[in-house]
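Trainee: Based on these hints, arrange chain B on the given structure of chain A.
If you read the protein sequences in the order shown, they are chains A and B.
Our numbering puts the last residue of the first sequence at 118; the count rises by one with no breaks.
Our numbering puts the last residue of the second sequence at 118; the count rises by one with no breaks.
Errors might be hidden in some of the hints.
[Stated by the list, open to error] No farther apart than 27 Å at their CA atoms in a straight line, the calculated lysine-lysine pairs in the DSSO-like style are these:
(1) B:Lys114 with A:Lys34
(2) B:Lys15 with A:Lys29
(3) A:Lys15 with B:Lys60
(4) A:Lys60 with B:Lys113
(5) B:Lys60 with B:Lys34
(6) B:Lys58 with A:Lys15
(7) B:Lys113 with A:Lys34
(8) A:Lys58 with B:Lys113
(9) A:Lys29 with A:Lys15
(10) B:Lys60 with B:Lys29
(11) B:Lys34 with B:Lys58
(12) B:Lys29 with A:Lys15
(13) A:Lys15 with A:Lys56
(14) A:Lys60 with A:Lys29
(15) B:Lys58 with B:Lys29
(16) A:Lys60 with A:Lys34
(17) B:Lys34 with B:Lys15
(18) B:Lys34 with B:Lys56
(19) A:Lys34 with A:Lys58
(20) A:Lys29 with B:Lys114
(21) B:Lys15 with A:Lys15
(22) B:Lys60 with A:Lys114
(23) B:Lys58 with A:Lys113
(24) A:Lys34 with A:Lys56
(25) A:Lys34 with A:Lys15
(26) A:Lys56 with B:Lys113
(27) B:Lys15 with A:Lys56
No lab work stands behind these hints: they were computed from the structure.
2 protein chains.
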Amino acid sequence: MKVDLPNLTFNENGLIPAIVQDNTTGKVLMLAYMNNEALDKTVETKETWFFSRSRQELWNKGATSGNKQKLKDISYDCDQDALLIQVEPLGPACHTGESSCFHQNLYQEETQNREVIHQLVSNIKKRRQN
Amino acid sequence: MKVDLPNLTFNENGLIPAIVQDNTTGKVLMLAYMNNEALDKTVETKETWFFSRSRQELWNKGATSGNKQKLKDISYDCDQDALLIQVEPLGPACHTGESSCFHQNLYQEETQNREVIHQLVSNIKKRRQN
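Extracted from the complex, chain A is given alone in its bound form (with noise of 0.2 Å):
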């Protein structure tokens, strides 16, 4: 057991990002914010707690779809300013049903079809120049 108090960074709107990876797997979950409500909740609870953007409001993951997130370690890192929360999943972490909401591929190395990547660069600078 090894337990620092850290002085956290929150946001202008009292919020920190937490990245969310499966203990086990080390697979990479989901980013969402906490408030200081929220990482006091989730250590009080052993589960995952956020607060909502949206919603601007304090959730449970998992309330609604039984697909809570047990609570196995969390650090932050050296700038105070993020969390890496490592977890035990029930349930897949996207509303998707995909177990990481991180299951889109924008850009892989492994490429034999070359002309794909052009067409993103171009894209990208396309959008960038609109």
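Mentor: Relative to chain A, chain B alone:
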């Protein structure tokens, strides 16, 4: 090879949070922010580029230290407002020399000393009240 051309959501400062993960070990290395140009340069150069919120400028991770990150994969989440960047790190991600910026622990499950947890919760509560 699979590429999708997402309609990413950048925040009010034109930034999107990017989780950087070691492609081999699964270790989460850092959380940084990209603007459109940083994402563009990351795909073009196959090295990570970010936008520094404190210095308000683009930076190429490892340009000074030599600890660059070779790009392997980019995914985005279901909300399209966060990126997961898989890399091969050529050195420590953290300026402290630690392999990951998330090297400080706030909570760990395996505890023989429940007192410390109670102290943590009490401290968080106290901080919330002040």
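Trainee: Hint by hint, which ones does this structure get wrong, listed from lowest number up?
Mentor: none
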